[in-house]
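In order, the protein sequence lines correspond to chains A and B.
Under the working numbering, the first residue of the first sequence is numbered 1, with each subsequent residue one higher.
Under the working numbering, the first residue of the second sequence is numbered 675, with each subsequent residue one higher.
Calculated directly from the structure, the hints in this document are not laboratory data.
For each residue, glycine too, the CB sits at the ideal point set by N, CA and C.
Among the hints, a few may not be true.
Claimed, not checked - Here are a few chain B residues that sit away from chain A, every Cβ distance over 10 angstroms (derived from the structure):
id : residue
1  : Gly-697
2  : Asn-700
3  : Tyr-741
4  : Ala-755
5  : Val-781
6  : Gln-832
7  : Thr-950
8  : Gln-967
9  : Ser-981
10 : Gln-982
11 : Glu-984
12 : Glu-999
Said to hold, decoys possible - A few chain A residues that face chain B, going by a derived Cβ cut-off under 10 angstroms, partial list only:
id : residue
13 : Gln-169
14 : Leu-182
15 : Asp-550
16 : Trp-588
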Amino acid sequence: MLPSTELQLSRVQQIWLMSALIMTCAPIWYFLPFWVAACSLSAIGWRAYLLSRGHAEPNRWVMLVLAVFLAIGILAQFRPPIGVEPMSAILTAAAGLKFLEMSRRRESQLLVYLCLFISAIQPIFAQSIFSFILALFSFIVVLTAQSMLQRDTDQQFALFNFSLEPIRQILRLVAVSIPLTLIIFVVAPRLPAFSMLPVQIEKATTGISDFMDPGSISSLSNSSEVAFRVDFEGDIPQPRELYWRGLVFDEFDGRAWQPEDRRWIRDGAAIIWPNRTPGYDWRDEIERSGEPYRYSIFLEPTQETWLFALPAAVTTRDSVGATRNLLLVNRVPVAQPIKYDVVSHPQYRHQPNALISSQRRDNLDFAEGSNPRTEALVSEWVEQGGAESVVPNLMRLFNQDFRYTLEPPAYPGNAVDEFLFDGMAGFCEHFASATASILRMAGIPARIVAGYQGGEVHPTEGYLIVRQYNAHAWVEYWQQGAGWTRIDPTAAVAPERIELGFEQFFLNDQVLDESLFSLNRFRGMAVFDWVKWQLDSLNYRWLTLVLGYDTASQFNLLQNLLGEVTPLRLAIVLVSAIAALLIMYLLWNRYQENRNVSSKQKIVRAYLKRLNNLGVSVKSGMTLQNILTDAEQQLPEHRAEIRTLTQRIEQMLYQMHEVNMDDLRRDIRALKLT
Amino acid sequence: MLGIKGFEFIEWPFARLKNHVHGWQNRRQPVADFERFTQRNLYIFPAREGFSFLVVVFLIWMLGTIYENNLVLLLAFFLVAVFVSTIFSTHANLDGLTLRVGDSDPVFAGDQLQVPLLFGNKSKRWRRRIFVRYEGQEHVVDVPPSANATMHLRIATQDRGWLALGRLRVYTMYPLGILQAWSWPQLKSSCLIYPQPIPRDTTSSDGTEGVGFAPAGRGLDDFAGLEEWQPGVPAQRIAWKQYSAGRGMLEKTFEAQASNPTWIDWESYKGVPVETRLSAMCAKAVEMENCGQSYGLKLPATRLVPSQGERHLRQLLTALAIYPEVPAF
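Take these sequences, add in the hints, and give me the full structure.
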């Protein structure tokens, strides 16, 4: 006899393995180039075809061609360093090919473990509750496939007698495992990430980019996706205080803006990391005063390195550095939701006394000659009232004739000239761009800051939600003594935009695309609002409790629960959890035994009831033998049936356990008057 | 023990360990008619697949740590919890199951014996994939809820007597194949093995080769005495007088009941080793039965009056098989 591991896979087993494979790979294929899915699916499809035709072994050539094609594809598509994307491409492809090739149970073990690992990769690509449930579900399917490998499943597979029993068994196992999972999750110590590998995900995400030309921010106003959520320790500041800085644009080519230090930020050279002490720390150029805001930000993935915070921000997270422009930068692109704690001093002076020469030069460059009409206007203003009159003049100009709109006309040429003199309508980036370049023309160092403005407060949970449509651009200019000062030209044109927030401001604007605010169309319907807020707070809980559960929150929680966090106490928690599981298991077994006894009683009761219905008087205190005698007298036509049934029931009661209780139950039910 | 090819050399300490373990086992789980698997005699340890499962869990945990992804860590911890609960469910697959050896027809030594193993399941759960490993054989059975299941061991018999089954290894890896729960029951069997029939001439009492069997001593009607009654004795031989007197069922024995009854006599094989002697007697008995003759048996402590027929042959062979024990008939 062959050992069971050398047996051929049965049809049912192959179908389960195939389901497990598709279930685990499909959510990952979504994030990978399409040909990975195409290759794996064709391998799986080929196997399914062979299965339907009754062949076992695939053609070696098919395998070879697929393998070579995959290898070329992976080499051509991905560049080192090997991140999670090429890794999952290789793994899913390998799993597909393994499925095509294998024929014995022993070989399928490798496939099952591969599937487990691939399922565990899923949450690296997406961290929503839904994706986690999907990953958990693929685990269940894989474990069911694994348990099917243990079984003797030689029967032919038919869709209609497809048994759910194996899944039920695994679900029972899963249900028992969940409490222990949670306990391990809470107490297991977290190791610091020894190396942060970049997660490269090709899927485009909406968000602020490091290149701003007219139209780039207004495109974000279409999206109500959440950019980040903020949990303030105290009261939420006034909307006009909520300027979430993300990027500083100081390089201007007459039309578009980009960060001067973009390349440096990418290389990490212009950043001070918390755990490194540089020779000269430009964080000393900041003078802070007053009460700070303390808050935690839960940032959704941006695939970029910059983070958002209120100005003069300090964070303690190891992987977050600070740039000279008072920005926070993450070490690697934010591919998964992250949480960072920030302390911000709203009253601060940054570089109040002097700019270094290169900074001054960069922040005065207005690409001379690119916007001649504006230059003429500015020199006129400077001649009449000096450099100080430029800002009031400009604000007056904006206030009188300009329109703030989501759908500005196109400014294809000299963007600032065309906006100021022809279109006179625009979104925040047009106003910011014009203001910054005019200030530079007047000899005042100025730069554009991009980020988000405002946010919506959750009505019951009290945290702040900042969405993509809160994306904003404003200006900072430098003055001797005051340092960098914020000026928001949009506030001059449309002060309600800042005071009320974006949503309120545009609520009645007919320009707003209906489909983009699909949720808002139902605004005012209490039920719908309620559902929307509940969903958001569910997401928030998920972010804070599960995704944001880090060493610090672990320490706090355990300290609250245990009083003091010591290895001994943690060990006690784990051991008692397992002991509780053991006790539960023993109790369950006891319950099962009892249930077995009571099911015997039920059968006897059912039998007596049936006899009673047939007209036999059954009184308490009668033995089965008495009843049988009575029944035989009263129902002579059923004598044989009743005699065998009584015998079987006696056998069942006296522990001769060959009696199949289901059959017995059915036969009792079948006892009828003919 | 490990079963890894190329690594047999590390198995010798395990062989010694195995002896120790079996000594301990003999005290802990002695030979029994009936075995019920409980916490006391069930053991559980990860199978090879279980260790590779833990490696996969470790890799997932590494992945979660490298990418600082709590969900990946959560999934790794989930698999750890599944591993722990599988300890219980694998254990539960054997726990409470009963095992005994069924009856089987006796065979002659050297023949193959089919020994039925009866698994009894009182619980409402299926007990799936119950494996028995015994001397290089592996058998598997699924036991339905509240039912029995049978499995047959094939045993090449060598020695006469009651079959000593030795240790079985009953194990299961169900449901996930990552843990193995096992027990080493040692069951008493009611399987009898007759001596191997090897014909041989008798020797006379002085040691020289003789021709035949001791002649019948007395005639058919010679009353020899009263013996305990055995089922199957013809009614005319029952001592009714004594029975009515309340002395129980007794049998009147006579000598030389058959026309030419023959004694298969222990003493007629003087100087022959015991086993060879029994084999020769066995062969003779089979031969006599086939010839339709009446024959009796004389062993040092056992006497079977001459008779014939299937039943008589069996009694006689049983007496030979269990020598020097005295059969209870």
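Evaluation of the provided hints:
1. Gly-697: holds (29 angstroms)
2. Asn-700: Non-interface label on Asn-700(B) holds, nearest chain A Cβ at 28 angstroms vs cutoff 10 angstroms.
3. Tyr-741: About 5 angstroms separates Tyr-741(B) from the closest Cβ of chain A, which leaves it inside 10 angstroms; violated.
4. Ala-755: violated (4 angstroms)
5. Val-781: holds (22 angstroms)
6. Gln-832: holds (22 angstroms)
7. Thr-950: holds (36 angstroms)
8. Gln-967: holds (44 angstroms)
9. Ser-981: Ser-981(B) clear of chain A: closest Cβ-Cβ about 37 angstroms, beyond 10 angstroms.
10. Gln-982: Consistent with the label, Gln-982(B) stays out of reach of chain A, its closest Cβ about 38 angstroms off (over 10 angstroms).
11. Glu-984: holds (30 angstroms)
12. Glu-999: Fine: 32 angstroms to the nearest Cβ keeps Glu-999(B) off the interface.
13. Gln-169: Hint on Gln-169(A): holds, closest Cβ of chain B at ~6 angstroms, below 10 angstroms.
14. Leu-182: Holds: closest Cβ of chain B sits about 8 angstroms from Leu-182(A), inside 10 angstroms.
15. Asp-550: Since the shortest Cβ distance to chain B is 8 angstroms, the answer is holds.
16. Trp-588: holds (9 angstroms)
Hint violations for this structure: numbers 3 and 4, all remaining hints satisfied.
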